[in-house]
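Colleague: Chain P is already provided as a structure; the job is to place chains Z, X and S with the ligands on it using the hints.
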Amino acid sequence: MAKTKTNTEDYLRMYRQMVRIRTFEDNANQLYLSAKMPGLTHMYSGEEAVAVGICEALKFTDKITSTHRGHGHCVAKGAEFKEMFCELLGKEEGYCRGKGGSMHIADQSNGNLGANAIVGGSMGIATGSAFTAKMLGKDDVTVCFFGDGATAQGLMYEVMNMAALWNLPVIYACENNGYSEYTKTEEIAAGSITARAEAFGIEAHQVDGQDVLAVNALTQKLVERARKGEGPFFLELMTYRYHGHHVGDINREYYRSKDEEKDWKENRDPIIRFRTWLVSEGVATEDEIEAMNAEIKKDAEAAVDYALNAKYPDVSEVDMHVFTDIKHALA
Amino acid sequence: MAKTKTNTEDYLRMYRQMVRIRTFEDNANQLYLSAKMPGLTHMYSGEEAVAVGICEALKFTDKITSTHRGHGHCVAKGAEFKEMFCELLGKEEGYCRGKGGSMHIADQSNGNLGANAIVGGSMGIATGSAFTAKMLGKDDVTVCFFGDGATAQGLMYEVMNMAALWNLPVIYACENNGYSEYTKTEEIAAGSITARAEAFGIEAHQVDGQDVLAVNALTQKLVERARKGEGPFFLELMTYRYHGHHVGDINREYYRSKDEEKDWKENRDPIIRFRTWLVSEGVATEDEIEAMNAEIKKDAEAAVDYALNAKYPDVSEVDMHVFTDIKHALA
Amino acid sequence: MREITLSQAVNEALAEEMRRDERVFIIGEDVAEAGTPFKVLSGLVEEFGTGRVVDTPIAEPGFMGIAVGAAMTGTRPVVDLMFGDFIYLIMDQLCNQAAKTHYMSGGKLNVPLVLRTNLGATRRSAAQHSQSLHALVAHIPGLKVAMPSSAYEAKGLMKTAIRDDNPVVIFEDKLMYQDKAPVPEEEYLIPFGKANVKREGSDITLIATSSMVQVAEKAAEILAQDGIEAEVIDPRTIVPLDEETLLKSVRKTSRAIVIDEGHQSYGITGEIAARLNEKAFYHLDAPVLRMGAMDVPVPFSPALEDVTVPTPDGVAENARRLMSGEMIHAA
Amino acid sequence: MREITLSQAVNEALAEEMRRDERVFIIGEDVAEAGTPFKVLSGLVEEFGTGRVVDTPIAEPGFMGIAVGAAMTGTRPVVDLMFGDFIYLIMDQLCNQAAKTHYMSGGKLNVPLVLRTNLGATRRSAAQHSQSLHALVAHIPGLKVAMPSSAYEAKGLMKTAIRDDNPVVIFEDKLMYQDKAPVPEEEYLIPFGKANVKREGSDITLIATSSMVQVAEKAAEILAQDGIEAEVIDPRTIVPLDEETLLKSVRKTSRAIVIDEGHQSYGITGEIAARLNEKAFYHLDAPVLRMGAMDVPVPFSPALEDVTVPTPDGVAENARRLMSGEMIHAA
Ligand SMILES: Cc1ncc(C[n+]2csc(CCOP(=O)(O)OP(=O)(O)O)c2C)c(N)n1
Ligand SMILES: Cc1ncc(C[n+]2csc(CCOP(=O)(O)OP(=O)(O)O)c2C)c(N)n1
Ligand SMILES: [Mg+2]
Ligand SMILES: [Mg+2]
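Protein chains in written order, with this note's numbering: chain P, 1 to 331; chain Z, 1 to 331; chain X, 1 to 331; chain S, 1 to 331.
Isolated chain P (complex conformation) (with noise of 0.2 angstroms):
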């Protein structure tokens, strides 16, 4: 693993935030499970080391936008549980007074543009807020989050075209997770992905997703040269995700294997294998961390706590927020 910072501060923030993601998850598809939760969710789970690495990069203005499989994007740049899971389950303190849900989680008091639930919807968002840096003159970058399957979507090379020609703060990161609901990446994407972008003058990258170390130092690197104005930037950050594609997606031997799963699992978890090298490094001891990971569990056992007995927002809200200056739209 690349050794990218000396600061055990930062370390220790990574290692915690892809902790959280982790336990913000377990606990999310608890409440599935449970049948506490409305609808259904997508797990992050196994990809934390992509969002964490990328937004540890990145400053509070930054700006990112985020998919279907949002939470560990929220999390990483800064959003607290209790809202979260206020949102998840559709209460009135969500960061969305529960209107938006798990698939419209938007943080935009932390740079957080939103989840978006249009696979690749997102991706002229991110060019429009880097856009938006770049005319006012500020040095915000934006970084588009986006799976393999979205890669698929026109628009993507729509945005990339103009981020290219306008040189705009963008970075387009792909998380490659190898399949897109039930299909295999290698099933839905001719040639090469990363080629892609550079057909378009864009340089691109393509990195393990289960190092948040290298994510995180190309990153910041990318990030630096954003902001000088050296953009767009592409990513390829080639990653797993351990559930189904969302957590009513049980039995998916039909198009993965169990061996498949076991072996990202075991051998390439991007916290087990970040852990251990804080550990090794004498960042922290085995006990600091079993202690950090207890706190964050119980934070988060609280959080949910708190979100069940949340209360829903009133009815009256259901035509409030269709527009900004009429206060209900049906009145």
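Hints are computed from structural coordinates only; laboratory data are not their basis.
One should not assume that every hint holds.
Derived PhoX-like pairs: lysine-lysine, alpha-carbon spacing no greater than 25 angstroms straight-line [to be verified]:
(1) K159/X / K327/Z
(2) K279/X / K279/S
(3) K39/X / K258/P
(4) K327/P / K159/S
(5) K184/P / K39/X
(6) K59/P / K108/S
(7) K134/Z / K108/X
(8) K39/S / K258/Z
(9) K184/Z / K39/S
(10) K327/P / K108/S
(11) K184/Z / K134/P
(12) K194/X / K327/Z
(13) K59/Z / K108/X
(14) K134/Z / K184/P
(15) K248/X / K279/S
(16) K311/P / K108/S
(17) K311/Z / K108/X
(18) K138/Z / K108/X
(19) K134/P / K108/S
(20) K248/S / K279/X
(21) K279/X / K327/Z
Bear in mind the structure is a predicted one, so any value in this text is a computation, not a measurement.
Modeller: Positioned in the frame of chain P, the structure of chains Z, X and S with the ligands alone reads:
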């Protein structure tokens, strides 16, 4: 120029078809200037070697899709002047009974699936036509004509991906005439157009679109291979439109210089070049060529006359052809 | 009669038509081995192979375009659009291309294509996976629009759609996939443009589409307890619309409510109500009422989502108000 | 008062608002040096530079998406969509993203964006360049929809739109760009949701949008010769719709015709007629009539195209039939 065919008849037909296109356009332009044609139209003049070089490599049952600048493709695939002029004038005897007009002219009798007024709009149609050939086990090839400007449309990347995954017998023919409307290609296309196709694993070629023999030779090879299931292919044909974007685009010095136009017309005209070659190779004499030109001119004028005097569709047709099975949609 | 689910009914219709006509094929995301996320297509790929049950990348405009081109050239595609909300992505191919091709070509090109998609909220899927967008396509000349209200309709309308030479859009209610209804073993087709009187009554007419037919039937039961006899009519197709049957009923009952799950404003209830008002004006004892979904994006929170769609109680209440003459005085 | 063209009025509105607020910018195809094909934007790039008058590639979904993201992050884009027919291409970004973001985020994110586009047939532009598609967007909660009927409205509504914090779609009539009307030199804004009574009358109300306002006014003149006093009302915005003004008029006149250039079926005339019928039922002496464009793709041939849209004579004739009571007996 490449020497690809030894068949005099083929050479002369190619020449003839190029002149037919030029002559058609001259007459269409004249109809516009004399206010006899409804609406606007886009002239193909200057690009004749592209349509003819490609279509002469196709057989009757092969298909093409065309663009807003579609008269050239239509003539090259075998259409008649009379039905074409009738269509441009909105007359009943037009290929589309006057309902389509210049921007939608189609001639399914010769495998022309139609012009399209949506830039890039026919890319899916062409790919679908190739899908039909593969599914029904026919050896037909489909050529998709489109401009450099259309490479900005995401649809292109979506269908190229599928064509590549499924080895469809389709050839994407990008007519790069240096402009989309009033904008230079380099201002709207980042990176490399051929590299974009290659990134999807599609073999791509750039070819001199003013050299009908070069276009034809390359297309013949690719068509052959596409018939055997080795497609898709991508062609970037470097060419130039002599007129404005449309017939009404007269003052265009703000976006391109008269010198540039003059250079292409005088030094790279596809008809002049081919004619010179035909004469120097002894395929035809100057006199024979002049006679051919004169005959085409007469044909065109007769067709224009016919069309001007032909009748409009009866007003009762207005709600026919909305559906195949309901004679009058509003009855 | 045996009872099968709406999902099985669609599956049977497709299988029967694919056996009957080898030009019929299915194209969409995860339609093959996965049989779609709703498992509607399970088993079809085993019988018909991947050449006729075609998995695509996540490229809705692309595969819709391919289907249009395939349909124009001799095949009969059934396009599977996973969620009705994605129809926005394919509007150009559907409305500029498929819908207009027959007309623009003066009747020479056909597009025998079926677009299968869905509608319906209250599944906790939030704003981008819950829309009922049939009004958008019903507005575009050249498209037929079917809205099955049970397994019986789903099968019979699908078979008719596949045999139709025009583009047909079918909206299935995604909450109804597991609902059972009697469906004959023998082959049957349901003609387009023939409404179905689900329940006879003399006091008021409830016209309801798709998911709302059950709502109207339940409302009719409630009303029956008050001695109000409601007639429930399912138009089955909204294009073509069986005005005659609707008018006949309204002329008899003198009162009507139109119930639909699309947003109320500028949706289909306005059209149907306007036609009834216009053509049965003399017979009406009260204005035709409309009940659509609220004019708000579909909220995630169950506390809010449930109030956005018409309910049996709500319909019954409005019916009572109409019967009492209350609406007339209000107006 | 000075008279300027609709085109100049739009240009002035944009220039004034761009001077007033440096976050306002224009994005679209050939908007800069070319000033759009309709020349509406001529001169703006000279004043505001290419950083604020941004030429894009031909990638409507892409630049619409960029505008959404830009609007979400602090700028105020005015998107230029060259033809209203291309709205199909951007429906996802407009309706799934822009329209829903404020709601889905629980009121935390805004999309202050203006989409400028056009409508209107009889320009001999055929089926893909002549549509009036405002009904599609009027149906989607979260979008405001303005339809200027003269240079005066075009300026005042545009300025209001730019200052609105919600996505607003403005449809200009492309045949009206050169029409002059009195427009004050001083600044003014036209509020949304306030209809304009263009002509007072006591016998019948003609409600007309955009291009049809002139048609209604001409019809009123014809009717005046027969002694029928028609009131002509222009709603100016269809979302929000000024129901009160319309109802007030209809309660006075007891008769109404709704005239619009969109296709009649499932368009906006149905909605308006249904609301009037419902809320002025008691006052109506005849059913509310609707006159939209024919439910056919727009034909190219002038002989057919001209009969597809409402004309002053047609409106006058229907008005006379309503006055004579003929429609009541027919129904
Ligand atoms: C436009 C669109 N098409 C289809 C879907 C259904 N869908 C949701 S997630 C998904 C797969 C996405 O795959 P990928 O982009 O690789 O992301 P991953 O789920 O692997 O993280 C699909 C097809 C959708 N939400 N939006
Ligand atoms: C989707 C769409 N966007 C914009 C237009 C307007 N338009 C018509 S032709 C054209 C330029 C096309 O350029 P190119 O593809 O290079 O073809 P060329 O005209 O040079 O042959 C544009 C922008 C259109 N018809 N369709
Ligand atoms: Mg994936
Ligand atoms: Mg060009």
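Colleague: For every hint, state whether the structure bears it out.
Modeller: Against the structure, the hints come out as follows:
1. K159/X / K327/Z: OK: K159/X and K327/Z at ~22 angstroms, within 25 angstroms.
2. K279/X / K279/S: Holds: K279/X and K279/S sit about 18 angstroms apart, inside 25 angstroms.
3. K39/X / K258/P: Holds, at roughly 22 angstroms.
4. K327/P / K159/S: holds (22 angstroms)
5. K184/P / K39/X: Status holds; Cα separation ~18 angstroms.
6. K59/P / K108/S: holds (21 angstroms)
7. K134/Z / K108/X: holds (23 angstroms)
8. K39/S / K258/Z: Roughly 22 angstroms between the alpha carbons, so the hint for K39/S and K258/Z holds.
9. K184/Z / K39/S: Roughly 18 angstroms between the alpha carbons, so the hint for K184/Z and K39/S holds.
10. K327/P / K108/S: holds (14 angstroms)
11. K184/Z / K134/P: holds (23 angstroms)
12. K194/X / K327/Z: holds (18 angstroms)
13. K59/Z / K108/X: With Cα atoms ~21 angstroms apart, K59/Z and K108/X stay inside 25 angstroms; holds.
14. K134/Z / K184/P: Given pair K134/Z, K184/P holds - Cα atoms ~23 angstroms apart, limit 25 angstroms.
15. K248/X / K279/S: Cα-Cα ~24 angstroms, so holds.
16. K311/P / K108/S: Roughly 19 angstroms between the alpha carbons, so the hint for K311/P and K108/S holds.
17. K311/Z / K108/X: holds (19 angstroms)
18. K138/Z / K108/X: holds (21 angstroms)
19. K134/P / K108/S: holds (23 angstroms)
20. K248/S / K279/X: Status holds; Cα separation ~24 angstroms.
21. K279/X / K327/Z: holds (23 angstroms)
Going through the hint list in order, the structure satisfies each hint without exception.
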